[in-house]
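All chains should be built: construct the whole structure from the sequences, respecting the hints.
2 protein chains.
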Amino acid sequence: MEGGGQTQTVESHPYVPTDLNLPDFVPGFLSQSTIVGVYGLSSLLLVSLIWIVSGRSPKISKIDRLLMCWWAFTGLTHMILEGYFAFSPEFYKEKTACYLAEVWKEYSKGDSRYAARDAGVVAVEGLTAVLEGPACLLAVYAIATRKSCSYILQLAISLGQLYGTAVYFITSYLEGDNFAASAYYYYAYYIGANASWVVIPTLIVIRCWKKICAAVQVQSQTKTKLR
Amino acid sequence: MEGGGQTQTVESHPYVPTDLNLPDFVPGFLSQSTIVGVYGLSSLLLVSLIWIVSGRSPKISKIDRLLMCWWAFTGLTHMILEGYFAFSPEFYKEKTACYLAEVWKEYSKGDSRYAARDAGVVAVEGLTAVLEGPACLLAVYAIATRKSCSYILQLAISLGQLYGTAVYFITSYLEGDNFAASAYYYYAYYIGANASWVVIPTLIVIRCWKKICAAVQVQSQTKTKLR
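Going down the list, the protein sequences come from chains A and B.
1 is the number of the first residue of the first sequence in the working numbering; add one for each residue after it.
1001 is the number of the first residue of the second sequence in the working numbering; add one for each residue after it.
Simulated from the structure, these hints should not be mistaken for laboratory data.
Keep in mind that a hint or two might mislead.
As the list claims (entries may be wrong) - Computed cross-link-like contacts, BS3-like style, restricted to lysine-lysine with a CA-CA straight-line distance of at most 30 Å: (1) K1059(B) <-> K210(A); (2) K147(A) <-> K1223(B); (3) K223(A) <-> K1223(B); (4) K1210(B) <-> K223(A); (5) K147(A) <-> K1211(B).
Shown next, in the form of structure tokens:
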């Protein structure tokens, strides 16, 4: 897809709506399999590392070790991938095969609001990168050191992730839900890539909610007995 | 501000940006003092009622009674005022002095994105009205009946309110922060009317966080002792 080039012609881009104006757009260099492969492999490496290291402590249960893997994975995704997006308004003009720009050039095929810099998307991604990312790493630490605030921290972050995902999907619906380059990209990127951040936070919220209610109940019973 | 009227002329409106297109706009009928007065008086009535009724139970502490007042006030505000807005895309065309339409015709002077139906604003208001409103009333009930999930419920709603307010302010900033008809409306409506939903949820989050951490700590100590 080369754009003619005599004067300042509008570079064609693969996104929908096609009349989206992206001056100086530079197409991606890396293939989809390379982009997804690098993300998948580095995530697998990270998760394996956390699983092995956490396994050295006999005090940490298997479910807590799994949660540590999740929090490390989602925290670094928030801080690195989403952090880059939140503060790189011109990623689609990137002239080199910078991996982080490639990720968002590719993902924009599933949701062109990323390239178009939709305010709702940028606000949610900014909050996720700046507040939730570091909080996720804090959750890894809190679980590892068995801090009493671990459940409440995990619940707070998960609720934030769910709220962000809800705003993300609702704003798209309100704006016409026509931002994917094809049905494939719609289901693979827009739906598929976000599904984990609906399902897993929901499960964590339910688990932490039960644990906290049980703890508060035990405490109030202890108080009653002491009277 | 009357719009000529031979043919379909664009009705002038008091909002900024002035080129905002609001076909069939009908100016508000009620004065600012009437709109604010009705809201203030009915809120005062509600709060007094909750305060008096909750005072009949000697088991409920004063801070919990105050919290019940807050949750009833904010819950009904979410459900009635914000619920009306979320599901009334054409409130600015309302030809009668319908109080709920008047509220949003007036508030749009502080943030015209309400009249313009900005997707970010509608998404946040929708979530607030549908999920957080009923949850607030549940919090009133949970405090009154001393349910063990009371703190976690209050914390979850407050975090949602803070997240929503953050998205609200950040999207405005990203879109140029030029939606108020004057500095007066900017500070009175956009900043002033929203300040309570930053300050009070923050205080509640801090309080509930401490209470929950303490309860979890007590429980884990109890477990250790029982071994």
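Cross-check of the supplied hints:
1. K1059(B) <-> K210(A): holds (25 Å)
2. K147(A) <-> K1223(B): Within the cut-off at roughly 15 Å; holds.
3. K223(A) <-> K1223(B): Distance ~15 Å between K223(A) and K1223(B) Cα, so the pair holds.
4. K1210(B) <-> K223(A): holds (17 Å)
5. K147(A) <-> K1211(B): Distance ~14 Å between K147(A) and K1211(B) Cα, so the pair holds.
Checked against the numbered hints listed earlier, the structure breaks none of them; every hint is satisfied.
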